[in-house]
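Novice: Spelled out from the first residue to the last, the chains are:
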Amino acid sequence: MMNSGPAVVTTGLRVRRGKSEVLHDLNVAVPRGQVVGLLGPSGSGKSTLMRSIVGAQRIAGGTVTVLGLPGGSPSLRRRIGYVTQSASVYEDLTVTQNLLYFGRVIGAPRSDIDRVVREVDLAAQANQLVGRLSGGQLSRVSLAVALLGSPELLVLDEPTVGLDPVLRRDLWTLFASLAAKGVSLLVSSHVMDEATRCDRILLLHDGNLLADETPSELLSQTHTTDADDAFLALIAQAQNERGAAA
Amino acid sequence: MNPRLTLATTARVLTQIRHDPRTVVLLLLVPSLLIGLMAWIFVNTKEFETIGPALLGLFPFIIMFLITSITTLRERRSGTLERLMTMPLGKFDFIVGYTLAFGLLAIIQSLIAVGYAVWVCGLTISGNVWLLVLVAVANAVLGTTLGLFASAFASTEFQVVQFMPALVFPQILLGGIFIPRSQMPDVLRSISDWLPLSHSIEALQKVTTDASGSGTVLREVGIVALWALAFVVVGSLTLRRRTE
Chain D
1 MMNSGPAVVT
11 TGLRVRRGKS
21 EVLHDLNVAV
31 PRGQVVGLLG
41 PSGSGKSTLM
51 RSIVGAQRIA
61 GGTVTVLGLP
71 GGSPSLRRRI
81 GYVTQSASVY
91 EDLTVTQNLL
101 YFGRVIGAPR
111 SDIDRVVREV
121 DLAAQANQLV
131 GRLSGGQLSR
141 VSLAVALLGS
151 PELLVLDEPT
161 VGLDPVLRRD
171 LWTLFASLAA
181 KGVSLLVSSH
191 VMDEATRCDR
201 ILLLHDGNLL
211 ADETPSELLS
221 QTHTTDADDA
231 FLALIAQAQN
241 ERGAAA
Chain C
1 MNPRLTLATT
11 ARVLTQIRHD
21 PRTVVLLLLV
31 PSLLIGLMAW
41 IFVNTKEFET
51 IGPALLGLFP
61 FIIMFLITSI
71 TTLRERRSGT
81 LERLMTMPLG
91 KFDFIVGYTL
101 AFGLLAIIQS
111 LIAVGYAVWV
121 CGLTISGNVW
131 LLVLVAVANA
141 VLGTTLGLFA
151 SAFASTEFQV
161 VQFMPALVFP
171 QILLGGIFIP
181 RSQMPDVLRS
191 ISDWLPLSHS
201 IEALQKVTTD
211 ASGSGTVLRE
221 VGIVALWALA
231 FVVVGSLTLR
241 RRTE
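As they're listed, the protein sequences go chains D and C. Here the first sequence stands for residues 1 to 246, where the numbers follow the working numbering. Here the second sequence stands for residues 1 to 244, where the numbers follow the working numbering.
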């Protein structure tokens, strides 16, 4: 039963940052073995939700359950791979040295380093200082760290930002192949056309969940043909409802 | 705390520093250059015999305070600390890992500075030279741990640099370098009794002037070590797995 439930469930999750509430009573589920896209404009609460899931965010109310355990449990720390929005790697170390250190911290086998370097296509840069890499390479180093130790859940905050179309396609192919092996992925993006590559889409706006659907459901329900339009339609709808309620 | 993870952190910090040779050279040579300058300034007086020992403690303390507070602030701001806190790394692994790495640099730095002061600048040491090295290293570790602690309260590099006059200068002023602590007003002397740097300066002066003062020196070093331990504990309390 522990392994059959969703990878992540939040119930009534509320997060306050400073005086304002950024997540309001959020109920979200991330099924296992799927690529779930977390979409929404910047400032909608995507990163805050991800930080709540990995246990880095102080929460004001509600519950977060990750892989059957309360979010932030010590035993989850080896089972979740997390990529923050900033690169979160050491610029004064080489790619391999970064992976060596983070690999030791999570207790990943050394052979993992070669594997993740290949998965993010950085074999040619393995011995370069991270500070000398391009922005796109930098974010792939960060992704490689998250892949160490083959975690069951990957929480990736905008991992494809600043990447060219070829690399983006390769990474989404990687995500799909990981999901096929049973890994659960929550991937945020504000590029709406990436939505179509996900198995499911969570649409966040202003700390509220606007939609939790498959890409095709999203398009058919909003009578649109691309993700951008669907998203705009849902936001207009949400604003109308709020206007009517007020 | 897990020794394997602590040492992995130490190795990582040392590897980072190794990639920055200019820092290594400055770190190891600047104290000696300043001590040499002081010896030259006071070449016609006897002042160097009293100020020289204190300098051997001050430079490692100040330099280690600065580099530690800035590097750990960098960890907080770059997101690497947040990432580590979502991993199975203990808070003590992080802090002790840093303390060991910078402590090792401090040992090398102190060996060079003491050697330079004694053999090149002619500083006379009545006590045991190794005891002098020990005090200098204790000072550097004190600076490291105070820097770790201070970085928790700074959110920008500007703030962390301001902590130097705020936390370090008062200890230097009250430490008994300018006038002996016994000649200070009572209130200030009582305050200085509670400042860690006063004890390390006391130890440095004792070891250079008193051949039979080893007991006192070790006691003072013990007090400094307790302060360093306290900063490590409080510093690790300021590391949070969950933040706002």
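Don't take each hint at face value.
[Claimed, not checked] To be clear about the criterion: a stretch of chain C counts as covered by chain D if any three or more of its residues have a C-beta under 8 angstroms from a C-beta of chain D, and this derived list gives those stretches:
hint, region
1, 12 to 23
2, 73 to 84
3, 96 to 110
[Unchecked claim] Just a sample of chain D residues kept apart from chain C, beta carbon distances all over 10 angstroms, derived:
hint, residue
4, VAL9
5, ILE59
6, GLY62
7, THR63
8, THR84
9, HIS205
10, THR224
Rather than coming from a laboratory, the hints here were simulated on the basis of the structure. A virtual CB, placed ideally from N, CA and C, is assigned to each residue, including glycine.
Novice: Does each hint hold? Answer for all of them.
Specialist: Evaluation of the provided hints:
| no. | hint | verdict |
| --- | --- | --- |
| 1 | 12 to 23 | holds (count 5) |
| 2 | 73 to 84 | holds (count 6) |
| 3 | 96 to 110 | violated (count 0) |
| 4 | VAL9 | 19 angstroms, holds |
| 5 | ILE59 | 8 angstroms, violated |
| 6 | GLY62 | 14 angstroms, holds |
| 7 | THR63 | 15 angstroms, holds |
| 8 | THR84 | 5 angstroms, violated |
| 9 | HIS205 | 22 angstroms, holds |
| 10 | THR224 | 36 angstroms, holds |
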